[in-house]
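Chemist: As a plain string of letters, each chain reads:
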Amino acid sequence: MNINLLPPHLRQEEEKFPWKAALLTFALGWLCAFLLVFGWGQVRFLEQRLELSQPAKEQAQLVLGQLAAAEKRLESVSRAQRSLWAHQRSSEAFGELLSQLRWHVPEDMWFTSLEINETGRFLLTGRVFSLAGLSRFLMELRQLPQLQEPVLQSTTRKDAYYEFQIEAKAELLQAGGE
Amino acid sequence: MWRKKSFLAFASVLLVLALFLPLGLRLWRLAEEERAVEEVLAQGREAARKLQEVSAQEDRIRSQLQAERSLSAVLQKLVAARAVDVTLAKITPDQLHREGELLMLPLAVEYLGSYPALLETMERLSSETAFLIRTCSFKEDKGSLKASVLLWVPWGDGP
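As you go down the protein sequences, you meet chains A and B in turn.
According to the numbering used here, the first sequence is numbered sequentially starting from 34.
According to the numbering used here, the second sequence is numbered sequentially starting from 3.
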């Protein structure tokens, strides 16, 4: 047994081995090593996974491209369909107008010429035995929604009948354009 | 003594940082890449589902457009549209032209007959989806009545 007889401020204690710090350093060292190995392993794993998902990614991009092209085509055919519908509506309105004319002609009247052109000009010439019949027919024309302001352009007295010309603006053809 | 220990501790921290920094950056970059790939894959799945819908819709519209491809089919329809005692006198096809998205064949058609029968024929033509009436005129010509119609016929495969 050693007894240090020096006064306290002159004593030089023998340094003990720092077990706690050494253990802590050792544990931290292992932890760091483990984390490093695990981390780089994870990096490798993620890289492999990314590499494997590359074909699927390319496929997805291809599908996205196909979708964009298909949407463009759909837009184009939809425009064509809308255009066709508009033309068909116009054509149906045309038929409707002719049908109305067919049912509104008085018995003492007959047409000699009818023209409906692309600008919507409606020109009707015909013959009638009485002016009263012509007046009634004109009134009925004014009721037709497809005709705007039918105007009696001329009436000429022939032997037993009157020859007339009516002009109007047909709405249907303008509605047909896109 | 303490100075030496502090220096060692500081050096250790620096070493650990130097070891972990590249790893952290790499992991962060990979995670970003993976997220981007996941996003593209999800978009791809959604696009595949949408593509089916869009294709079905396109097929449906195309089948509705059903344009004509032969003059003989058009002729058959023109003949079928005649009312009783109406004669198909003349058909003159013009150059194909594009009307917006649609390809149209202009057809100048002449029918002969009485007024009511010609008007009925026009009605039938207008209800026929294959024909679009553009202009129409009726004229008396040497005792007979002639109806001249300009028709547009949607033609070909569409857009």
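A couple of the hints might just be wrong.
Said to hold, decoys possible - With a straight-line cut-off of 20 Å between C-alpha atoms, the simulated DMTMM-like cross-links for lysine to aspartate or glutamate are:
no. : chain 1 : residue 1 : chain 2 : residue 2
1   : A       : Lys105    : B       : Glu34
2   : A       : Lys105    : B       : Glu112
3   : A       : Lys191    : B       : Glu142
4   : B       : Lys141    : A       : Glu91
5   : A       : Lys90     : B       : Glu41
6   : A       : Lys90     : B       : Glu36
7   : B       : Lys141    : A       : Glu196
8   : A       : Lys90     : B       : Glu112
9   : A       : Lys90     : B       : Glu125
10  : A       : Lys202    : A       : Glu125
11  : A       : Lys90     : B       : Asp61
12  : A       : Lys105    : B       : Glu48
13  : B       : Lys92     : B       : Asp61
14  : B       : Lys52     : A       : Glu48
15  : B       : Lys7      : A       : Glu173
16  : B       : Lys141    : A       : Glu48
17  : B       : Lys148    : B       : Glu112
18  : B       : Lys141    : A       : Glu200
19  : A       : Lys105    : B       : Glu55
20  : B       : Lys144    : A       : Glu196
21  : B       : Lys6      : A       : Glu125
22  : B       : Lys148    : A       : Glu148
23  : B       : Lys92     : A       : Glu148
24  : A       : Lys105    : B       : Glu41
Treat the hints as calculated values from the structure; they're not laboratory data.
Chemist: Could you run down the list of hints and mark each one as holding or not?
Modeler: Taking the hints in turn, this is what the structure says about them:
1. Lys105(A) / Glu34(B): Roughly 32 Å between the alpha carbons, so the hint for lysine 105(A) and glutamate 34(B) is violated.
2. Lys105(A) / Glu112(B): Violated: lysine 105(A) and glutamate 112(B) sit about 40 Å apart, past 20 Å.
3. Lys191(A) / Glu142(B): holds, 17 Å
4. Lys141(B) / Glu91(A): violated, 67 Å
5. Lys90(A) / Glu41(B): Satisfied, since the Cα-Cα distance of roughly 9 Å is no more than 20 Å.
6. Lys90(A) / Glu36(B): Distance of about 11 Å is within 20 Å: holds.
7. Lys141(B) / Glu196(A): holds, 15 Å
8. Lys90(A) / Glu112(B): Roughly 61 Å between the alpha carbons, so the hint for lysine 90(A) and glutamate 112(B) is violated.
9. Lys90(A) / Glu125(B): violated, 57 Å
10. Lys202(A) / Glu125(A): holds, 17 Å
11. Lys90(A) / Asp61(B): violated, 28 Å
12. Lys105(A) / Glu48(B): At roughly 17 Å apart (the allowed maximum being 20 Å), glutamate 48(B) and lysine 105(A) satisfy the hint.
13. Lys92(B) / Asp61(B): violated, 36 Å
14. Lys52(B) / Glu48(A): Distance of about 77 Å is beyond 20 Å: violated.
15. Lys7(B) / Glu173(A): violated, 113 Å
16. Lys141(B) / Glu48(A): Violated - the C-alpha atoms of glutamate 48(A) and lysine 141(B) are around 130 Å apart, more than 20 Å.
17. Lys148(B) / Glu112(B): holds, 7 Å
18. Lys141(B) / Glu200(A): Holds, at roughly 16 Å.
19. Lys105(A) / Glu55(B): holds, 14 Å
20. Lys144(B) / Glu196(A): Distance of about 18 Å is within 20 Å: holds.
21. Lys6(B) / Glu125(A): violated, 101 Å
22. Lys148(B) / Glu148(A): holds, 12 Å
23. Lys92(B) / Glu148(A): holds, 18 Å
24. Lys105(A) / Glu41(B): Status violated; Cα separation ~23 Å.
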